[in-house]
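*Asks:* Residue-level listing of the chains:
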Amino acid sequence: MSTFCRPTTLADALAALAEPGSRVLAGGTDLSGLIDRGLASPTTVIDVQDAGLDRIERCGAGVRIGATATLATVAVSDLLTRWTALREAAAAAASPLLRNVATVGGNLCQHTRCWYYRGVEWTCWLGGGDTCFAQIGEHERHGLQPGDCISAHPSDLAPALIVSDATVVVASATGIREQPVAALYRRPDVDDRSLLTLGPDEVITHVVLPAPPDASVYLREGQREAFSFPLVGLAVARFGERLVMAAAGVANIPHLLDPDDVLHDLPGNPQSAWKRTVLATLASRGRTAVTM
Amino acid sequence: MKHPITLNVNGTPYSVDVATAQSLLYAVRDQLGLTGSKEGCDDSECGACMMLVDGRPTNSCSYLAVQADGAEITTVEGLGEGDELSPLQQVFLEEGGVQCGFCTPGMLIAATALLQANPSPTAEEIRIGVSGNLCRCTGYDGIVRAVLRVSREGASV
Ligand SMILES: Cc1cc2nc3c(=O)[nH]c(=O)nc-3n(C[C@H](O)[C@H](O)[C@H](O)COP(=O)(O)OP(=O)(O)OC[C@H]3O[C@@H](n4cnc5c(N)ncnc54)[C@H](O)[C@@H]3O)c2cc1C
Ligand code: SF4
Ligand code: FES
Ligand code: FES
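Read top to bottom, the protein sequences are chains G and A.
Taking our numbering, the leading residue of the first sequence gets 1, the next gets one more, and so forth.
Taking our numbering, the leading residue of the second sequence gets 293, the next gets one more, and so forth.
Derived by calculation from the structure, the hints in this document are not laboratory data.
Quick caveat: nothing in here was measured; it's all calculated off a predicted structure.
Take the hints with a grain of salt, since some may be wrong.
[Claimed, not checked] With the Cβ distance kept under 7 Å, some of the chain A side facing chain G (calculated, not the full set): (1) M293; (2) T312; (3) A313; (4) T327; (5) D335; (6) S336; (7) P349; (8) Y355; (9) L356; (10) N410; (11) G424.
[Unchecked claim] Computed, partial: chain A to chain G, Cβ under 7 Å: (12) H295; (13) R348; (14) S354; (15) V358; (16) Q359; (17) S423.
Even glycine gets a Cβ: it sits at the ideal position worked out from N, Cα and C.
If we strip away everything but chain A, and leave its shape as in the complex, we get:
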């Protein structure tokens, strides 16, 4: 049986029909065509699929689309303005927080949530904040530097 639900993604409401077992990740990628969020492990381990659901960072691979009915969802596509990168995205590039880029959409979402909850995190707090996001390329230093810099510069994320 399919359920009619509404997903408010990056400020736009989308009406979709989903099966109970459909993950939020695949509803957003396949049905809405927003493919910024990635599937790494499909088991809550890597964070590549991370989205904000009502402001809360959530592994969308392990969250049913029906659970998100009516919720406000933010994906990496919602961080910048059109082709304009957000300050956080820009410093990720400048500080070497991105290499292959696979973890980046989820990493940016985790960092956004962290900075919203704690605008001046320490390096340790940043490492804890992104501990649910695995990156096999950067060694995390560039990511921590980027988040520290955005918070120091006080730019809105």
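In isolation and in its complexed conformation, chain G is listed as follows:
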């Protein structure tokens, strides 16, 4: 059985998080389901919604977004008009309702939606078992990279932030560090099956955007227009002559693409290879959109 607290300062949240077994809850749209299914069993749930981390504010030539700002506020923020890909990604994620509750930090840290992982009947490789059931079962919506876990990264925001050269500020009771958004993620291996690099006592406090790109766009293919995870989500940004592309839905973490060879490293799995065509198409549309 677990306890619950809702600290009103970051310092109190960090102190609570320093206790082993505690876990941050923001909007709860992902974590409550994981708790419900027994896929997460924190001893203390720390609700950070009142910890004062929800502001979006100017920061030098860029913008600083609090980790508990909702996707809905990001999608319409006047301060973010020059980060088109980010606004488009926030506006495309999930449904209007979820966007009202879901936060930026939670979106970046949400766990895989692989239905084998989420099913309570099995423990798949990523959950600590021996078998990736997706590879012997259905994986038409999974990733394009072979490996132990072929799940598809679900966050629309992550690729949009990565191409914007964004960083995350990560705090714990012992200090603060800042790192590129891409460095939040790691490929799971036999010894450590986590997809995130965050320590158990760490919380994302802010996402920092440096000066905006000259142009950017977020393109996605979902199962239906509203309310579905990205099958393939592609963010493209242009800084002068430099093009940056990153995608969700193609590997188990956000994937940085080589703009001149977007399918590099993404051979596809037997049932998911169709995503290669989608990715290539989105990439050529994205390139046109940011260079026009």
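The hints should help you fit chain A with the ligands onto chain G, whose structure is shown.
*Replies:* Leaving out everything else, chain A with the ligands in the frame of chain G:
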């Protein structure tokens, strides 16, 4: 461990003890006995469990009861007055917005929130507003008609 919390549902404060993992939906259905809100998917996909939490439409299946401590909650039971249906509920019936009725409690909550934020939505805006609510019966046309009519008639929702 159980937490003592207060849920203000449809204007009435209720003191209940809930486990951390208890969803708002089950606190309201099982502990308060208000069974209007339904469980379809238990995963934020269908909207059958939708409630207003401090005015914000929320999938209560995926919201912990402890998160709602002290909040003002509206469920479908709070829309009408006793046995009197609200204008929105009445036109849902008249326009064919209800068939089996399973999605209806959540659909009404989504439509209420939409009309509060935007009293004169277009058909497209209504479809977007209820895009988190799945209905397998009506094809959504009756629902869109009903919301358009209420907004046209200017009745308070
Ligand atoms: C039906 C459905 C459809 C969806 N469709 C999409 C989609 O199309 N695109 C998309 O991108 N997402 C989609 N999502 C996922 C949704 O966007 C996430 O669930 C949401 O963004 C998570 O945010 P939250 O604030 O609710 O996080 P929570 O559920 O509170 O937390 C999620 C995880 O992040 C951790 N966490 C939260 N905040 C922090 C922080 N500040 N620092 C460190 N860790 C933190 C928590 O411990 C937990 O592990 C969908 C979800 C559902 C249920
Ligand atoms: S793809 Fe990953 S999460 Fe899904 S079954 Fe395989 S190991 Fe588990
Ligand atoms: S039961 Fe909550 S969204 Fe389906
Ligand atoms: S009326 Fe049956 S699901 Fe909508």
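*Asks:* Run every hint past the structure and note whether it holds.
*Replies:* Verification of the supplied hints:
1. M293: This hint holds: A:M293 lies near chain G, its Cβ roughly 5 Å from the closest one there, short of 7 Å.
2. T312: holds (4 Å)
3. A313: holds (5 Å)
4. T327: violated (19 Å)
5. D335: Since chain G brings a Cβ to about 6 Å from A:D335, closer than 7 Å, the hint holds.
6. S336: Cβ of A:S336 sits 6 Å from chain G, so the hint holds.
7. P349: holds (5 Å)
8. Y355: This hint holds: A:Y355 lies near chain G, its Cβ roughly 6 Å from the closest one there, short of 7 Å.
9. L356: Because about 5 Å separates A:L356 from the closest Cβ in chain G, which is inside the 7 Å limit, the hint holds.
10. N410: Violated: closest Cβ of chain G sits about 11 Å from A:N410, beyond 7 Å.
11. G424: holds (4 Å)
12. H295: holds (6 Å)
13. R348: At 5 Å from the nearest chain G Cβ, A:R348 passes the 7 Å test, so the hint holds.
14. S354: With a minimum Cβ separation of about 5 Å from chain G (threshold 7 Å), the hint on A:S354 holds.
15. V358: holds (5 Å)
16. Q359: holds (6 Å)
17. S423: holds (4 Å)
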